[in-house]
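Q: Whenever a hint applies, use it, and build me the whole structure from the sequences.
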Amino acid sequence: MQAQANTTQTIAKRDPALVMRLSRLGSFHQSRLSFMRILTRRMTREKWTFSRPVFEFDDKGVGHAVYCAHTPDRTYSLIAFGHDLPAEHRSDRVIAHAWDCTFTLFDGVPNAADIARLRQNIPLQEAGRVSETELSVSRANRSVRLWDHIVSSLAAGRQPDLGEIAKVGYLMRTTAVYGSGKLGAADHEMIADRPECAAPFQIEMLSVFLTRTYVRDLVNHIADLKGGAAAVTLDPAIARSLGIGNSTGLGMAPFLINHPMLFNNWIAAREQAIANVRSLSAVTQEDVQIFLEVLERSRISADLWHSAHKGQSEKLKRLRSDLGKLAEHAGQADLQSDYPWDRLYQWAETNLDEEAQECLASLLLEPY
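Those letters in the sequence shown? Residues 1 to 368, per my numbering, in order.
Please keep in mind that the hints were generated in silico from the structure rather than gathered at the bench.
Any given hint might turn out to be false.
[To be verified] Estimated spans, in silico, between C-beta atoms of each pair:
no., residue 1, residue 2, range
1, 41, 188, 15 to 23 Å
2, 190, 49, 19 to 27 Å
3, 226, 94, 31 to 39 Å
4, 158, 338, 36 to 44 Å
5, 251, 20, 29 to 37 Å
6, 163, 52, 37 to 45 Å
7, 181, 43, 21 to 29 Å
8, 60, 251, 23 to 31 Å
[What the hints assert, rightly or not] Here are the computed lysine-lysine pairs in the BS3-like style, where the Cα-Cα straight-line distance is at most 30 Å:
no., residue 1, residue 2
9, 167, 13
10, 317, 13
11, 167, 310
12, 325, 13
13, 315, 167
14, 310, 325
Even glycine gets a Cβ: it sits at the ideal position worked out from N, Cα and C.
A: Printed below as a string of structure tokens:
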């Protein structure tokens, strides 16, 4: 939906002194402005297609694959290398020197010589070198407990236990996704004029998007090799519930400190969007329905989230409670006239903790 141009007053952006606090920044929720959602909307709008020309792995997951994303103008290829990693070498620390899988996003479609060259370098990560035809370099480790559970279940002809899946939520977690000139890869300026690369981190997001598909295919493949005729394929609904984990996100901290203007622009874009929506004097019933639907989906998601961290666990309890309050209030309030989104946000400021306030701020953008 397009935001209606029926504003008679302009709601100002929130005070930076309120927004730019670590506790509030840490309470942000994904929104239509999130980098991955920008990418997936473009995929849908431009009707990108995908192919897997190469997939060669043994029953230990050793081998390589190529996943291609075909845009209207060019092709990008994720080259994935699988390794037999001893348990004692599995580490998410930045000083690790071996991983379950290593990857690069290639500009175009690689030939045999490209793959041979990259096979000598990508598994080494920082100790290797790549060229301007490579746009990102990354690696990932398995969640061993969940991986083994899903492989053994599928090999035996049954679907994995949903409770076990809910405890983890992913089969592999990245421990680094490098781009923009790292290790000899192409600088961002070499691809900045491409529309699909204009928004932040689109190459890195594409790499992770394709990695998720690779992980699903690999677990199905290994289960099939182990179980033979008895094996079944992972239920698509279960596969869709699995994401890609992230070990720490440690590299983002110095990046934000060293790029304050870029960080400002990201936050300012979100704050301007929130202010624009709050400035609408009236909205349609369709907009209200979209909001109520995504609010209910957020409540379902929050009920599924788990954390072993005591502080985060307490925040989750408060969030679930607050989203219930928000849903009850929204179900009774007039959400179509008299600046409904601004009134709803002001109610949240006095009735909800900041985690739920930020969830609401993201949800307000959904109809538009």
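Q: The structure should be examined with respect to each hint, and the outcome stated for every one.
A: Evaluation of the provided hints:
1. 41 with 188: 15 to 23 Å: 21 Å Cβ-Cβ, so the 15 to 23 Å window holds.
2. 190 with 49: 19 to 27 Å: At 24 Å between Cβs, range holds.
3. 226 with 94: 31 to 39 Å: holds (33 Å)
4. 158 with 338: 36 to 44 Å: violated (55 Å)
5. 251 with 20: 29 to 37 Å: For residue 20 against residue 251, whose Cβ atoms are near 21 Å apart, the range 29 to 37 Å is violated.
6. 163 with 52: 37 to 45 Å: violated (31 Å)
7. 181 with 43: 21 to 29 Å: holds (25 Å)
8. 60 with 251: 23 to 31 Å: Taking Cβ atoms as reference, residue 60 and residue 251 lie about 30 Å apart, which means the hint holds.
9. 167 with 13: violated (38 Å)
10. 317 with 13: holds (29 Å)
11. 167 with 310: holds (16 Å)
12. 325 with 13: holds (25 Å)
13. 315 with 167: The given pair, whose Cα atoms are some 17 Å apart, holds under the 30 Å limit.
14. 310 with 325: With Cα atoms ~23 Å apart, residue 310 and residue 325 stay inside 30 Å; holds.
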